[in-house]
Amino acid sequence: MNNQQGRDPTLPLWRAAVLLRVLTLLFALGVIIYHLDEYRRPWLALVMGGVMTVWTVVVAVRYLKPTEKLLAFTVFDLAVCCAVMTSSLLVLTPLQLEGEPVPLVPTVWVTGVVAAGAVAAGPVAGGVFGGVVAAFNYGVRGYVDTDLTRDLMLLVGVGFVLGLAAASSRRSAARLETALRTEAATAERERLARSIHDSVLQVLAHVRRRGGELGGDAAELAKLAGEQEVALRALVSSAPASTEDGAADLGARLKILETERVSVSVPATPVPLPAAAANELASAVREALANVGKHAGVTAKAWVLLEDLGSDIVVSVRDDGVGIAPGRVAAAEREGRMGIARSLRGRVAELGGSVTLETAPGEGVEWELRVPRERSGAK
Amino acid sequence: MVVDDHPMWRDGVARDLAERGFDVRATAGDAGSAVRIARTVRPDVVLMDLNLGEGSGVTATGQITAELTDTRVLVLSASGEHADVLEAVKAGASGYLLKSASVAELVDAVTRTAAGDAVFTPGLAGLVLGEYRRMAADPDPRDQPRLTDRETDVLRLVAKGLTARQIATRLVLSHRTVENHVQSTLRKLQLHNRVELARYAIEHGLDGEPDGTRQ
Chain A
1 MNNQQGRDPT LPLWRAAVLL RVLTLLFALG VIIYHLDEYR RPWLALVMGG VMTVWTVVVA
61 VRYLKPTEKL LAFTVFDLAV CCAVMTSSLL VLTPLQLEGE PVPLVPTVWV TGVVAAGAVA
121 AGPVAGGVFG GVVAAFNYGV RGYVDTDLTR DLMLLVGVGF VLGLAAASSR RSAARLETAL
181 RTEAATAERE RLARSIHDSV LQVLAHVRRR GGELGGDAAE LAKLAGEQEV ALRALVSSAP
241 ASTEDGAADL GARLKILETE RVSVSVPATP VPLPAAAANE LASAVREALA NVGKHAGVTA
301 KAWVLLEDLG SDIVVSVRDD GVGIAPGRVA AAEREGRMGI ARSLRGRVAE LGGSVTLETA
361 PGEGVEWELR VPRERSGAK
Chain B
1 MVVDDHPMWR DGVARDLAER GFDVRATAGD AGSAVRIART VRPDVVLMDL NLGEGSGVTA
61 TGQITAELTD TRVLVLSASG EHADVLEAVK AGASGYLLKS ASVAELVDAV TRTAAGDAVF
121 TPGLAGLVLG EYRRMAADPD PRDQPRLTDR ETDVLRLVAK GLTARQIATR LVLSHRTVEN
181 HVQSTLRKLQ LHNRVELARY AIEHGLDGEP DGTRQ
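As you go down the protein sequences, you meet chains A and B in turn. Positions 1 to 379 (the UniProt record's numbering) are the ones given, in order, by the first sequence. Positions 1 to 215 (the UniProt record's numbering) are the ones given, in order, by the second sequence.
Just chain A, same shape as in the assembly:
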């Protein structure tokens, strides 16, 4: 995994939270200097200014390298902030606390910890942190009024909103990573399937063919090669090609059904269909081909043709087997011996399409499966 993916998705939010800390620190220090002469204990105000500066540096270092276990640290951060707020009881005169309100020592600096809690642990934590800070605000002032209540609303609201932002950026980062991984895995499987199909399967097919021609011991080897060819082909075809949005290339699905006896013709460009529809059609074709093997005779060949007519997808499966006499199809269907016809019609009707059958004695059987793209796309 590279750096880009491994990076914490909330890092930009942490950077913003640290920037907020620094800016509010400068404001708080300004306020302290402005009111220094009026404080009850100016030296304590200066000490608190120092504490806030040092603590800002500490949290900046910590928050710019976010790890999973940040929540405990943010709780400690909250405690420090509340302590600095509480120090206002000693720094400010009673009149400054109640009568003609002067800002508390940390002023808006405490909003930073609400942001930190929200980014670290989500909307609930953000709201709770905001609530705790607001509670100390009430406690230190010792009264309730609209200004303090407005602060409460702002603190809780900001904590909640930032928490939502952090949670959703984490979620989408996780989703993106899963998608990238799936895509890489699919691409790799397709690459392997293609390369096996182009190389090993060709060689096995060649060995099988030449061995059969030579006879004797070579025929035995040819038989082994043939068995491996079938096994490998099945393995490759169990890795279906599909993309993240659920579309699959029907051409690729059908192409892997090609064998020594089965020719599969598809366009050079992909024929994208919803994965479910592509699966269903590929299964229907597989079923029709299995039927060729059963009824048309062992030497029968079969041809599959996939055509993309834009609005319709047409798949034809033809064999050069013994075929069926006219009238026999309906009779066989009535007697329930045409399970294949029922099954194919069922599958294709599910996709809103139709099946036609053409056959004559000695002319083989030809199925045509026609499926509208719209309907299969809606499913």
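Since the hints were derived computationally from the structure, they do not count as laboratory data. Take every hint as true, because none was put in to throw you off.
Straight line, CA to CA, 27 Å or less: simulated DSSO-like cross-link-like pairs of lysine-lysine:
1. A:K301 with A:K223
2. A:K223 with B:K99
3. A:K223 with A:K294
4. A:K301 with B:K99
Computed footprint of chain B on chain A, listed as stretches where at least three residues anywhere in the stretch have a Cβ under 8 Å from a Cβ of chain B:
5. 205 to 213
6. 261 to 271
7. 299 to 306
8. 313 to 323
Ideal Cβ placement from N, Cα and C applies to all residues, glycine included.
Dock chain B against chain A, hints included.
Structure of chain B alone, referenced to chain A:
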């Protein structure tokens, strides 16, 4: 002449052809030497693998058919390379055979290619059909070649594995007419490809000497 980057396969095919009375003049293992050797040897038929280690069999096919008008290229390829096969056919190859074809099929295909016929496997018919359909769906109304209804019928039947004779019977045509329809679908595609290449060259200011006269 046989072009393939696998020595074992190349020599095997050359031997098969020699045993059956063909005069195998040369072999080549990559696209560059295929073009160079073909210029010297001027073979009737080049058996071209598309999956060459260095350089593309498609490019070599285009160069050979453009320069040597009496040389025909028959693509002999693995089944997974259908996009490349279509490109090779558009570049001028006159046919395509799967590597898994039997020796008898190979001999027949080479004989027909040498005679100037197109060797259309069902797979190639499906590719050509798909390509015409793709062009028909293209919103760009440039003079795209179209198939006549008859040509479409013929191609569909070829793709479904019918022989030229079976197609002739089914469509009530002569055997020769079927062959002509097949040839013409290929010629239109190749002509269109050449026109497109020339247009591309002119639009991009590449129209100097044609490749064939430059050494």
